[in-house]
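Numbering-wise (my numbering), the sequence shown opens with residue 679 and increments by one.
Quick caveat, the hints were computed from the structure, so don't treat them as lab data. Being a predicted model, the structure only gives us computed values, none of them experimental. The beta-carbon is built from N, C-alpha and C at its ideal position, and this holds for glycine as well. Take these hints with a grain of salt, some might be off.
[Claimed, not checked] 30 Å max Cα-Cα, derived DSS-like pairs, lysine-lysine:
hint : residue 1 : residue 2
1    : Lys-814   : Lys-902
2    : Lys-750   : Lys-868
3    : Lys-801   : Lys-868
4    : Lys-750   : Lys-814
5    : Lys-801   : Lys-750
6    : Lys-801   : Lys-851
7    : Lys-756   : Lys-902
8    : Lys-814   : Lys-868
9    : Lys-889   : Lys-801
10   : Lys-889   : Lys-902
11   : Lys-889   : Lys-756
[What the hints assert, rightly or not] Simulated DEER-style distance windows between Cβ atoms:
hint : residue 1 : residue 2 : range
12   : Pro-866   : Asp-785   : 42 to 52 Å
13   : Trp-859   : Pro-827   : 54 to 64 Å
14   : Ile-783   : Ser-760   : 35 to 45 Å
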Amino acid sequence: MRSLSRNPRGFSLVELMSAMVIGSLVLLAAASLLGSSGDGYERVGGGVAAEREARALINQLTADLATARFHKDGVIGKSTNSWPADRLGFLNLQPAQAQTDDGRIGDLCTVNYYIEDLTIGGKTVRCLMRGFRESKDTFAALGNGTLTPLFTPDTAIDEPVAFGVVAFEARPKTLDPNGRWVDWLQNPTKGPEALDVRLVIVRRDLAGRLKTTADWDGSGTGGKRLGSYAEAGRNPDLEVYGALIRFGHHENF
């Protein structure tokens, strides 16, 4: 007996084209998913980097202010820029290991904070700088009757403590008789009891597009995504951090 077998039928042109279309759609969906995952990863990574910058800065500022000594020549400068760039300058105590052998004659030093644009890798990066003057220079300035020169920015020796900082606000506060924090009024004999610090850091993706000072000011082509300082908390390209930090000793030194 002869067995009968059915000849296998190949795919028709319509079936092949349908399969190709379905396959293309699957590939496009996968590519889109990978792209969105990559964007999400980049956004999360940018947020983590900004948080790390902010945490390091606030820790450093808290440590400096913990031993701060108010002096009438100190700097508590309120910025009037659309993106605040406040300045700080004060006496504080620093351990021996924080100073050089040649520059150390005691523990009373000076520290100052300010925003500066640095050129890094051919691009402009807005940074928060920390200037530190050792006890030898500090006592010499006190002997001359003024600390002002010690608070003058000098990028040759000052160091950036945070990168991508588009705003730095440090507003002096004091306690009123009811125990509420209120604005400190300029006083040559008694300094603020705390500083209300607000920091705005640009996430990594946008920071890479800000290449000039105009961009960081929000007026250049690359800076349009910065928006306004008032809306910084709602801008997904920015990270906003705040802290109320005690000022160590607010009686005049």
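To see whether the hints hold, each was checked on the structure:
1. Lys-814 x Lys-902: Roughly 46 Å separates the two Cα atoms, so the pair is violated.
2. Lys-750 x Lys-868: 8 Å, holds
3. Lys-801 x Lys-868: 42 Å, violated
4. Lys-750 x Lys-814: 20 Å, holds
5. Lys-801 x Lys-750: 38 Å, violated
6. Lys-801 x Lys-851: 36 Å, violated
7. Lys-756 x Lys-902: Status holds; Cα separation ~25 Å.
8. Lys-814 x Lys-868: Within the cut-off at roughly 25 Å; holds.
9. Lys-889 x Lys-801: 5 Å, holds
10. Lys-889 x Lys-902: The hint holds at about 12 Å.
11. Lys-889 x Lys-756: Holds, at about 26 Å.
12. Pro-866 x Asp-785: 42 to 52 Å: 24 Å, violated
13. Trp-859 x Pro-827: 54 to 64 Å: With Cβ atoms ~32 Å apart, the hint is violated.
14. Ile-783 x Ser-760: 35 to 45 Å: 43 Å, holds
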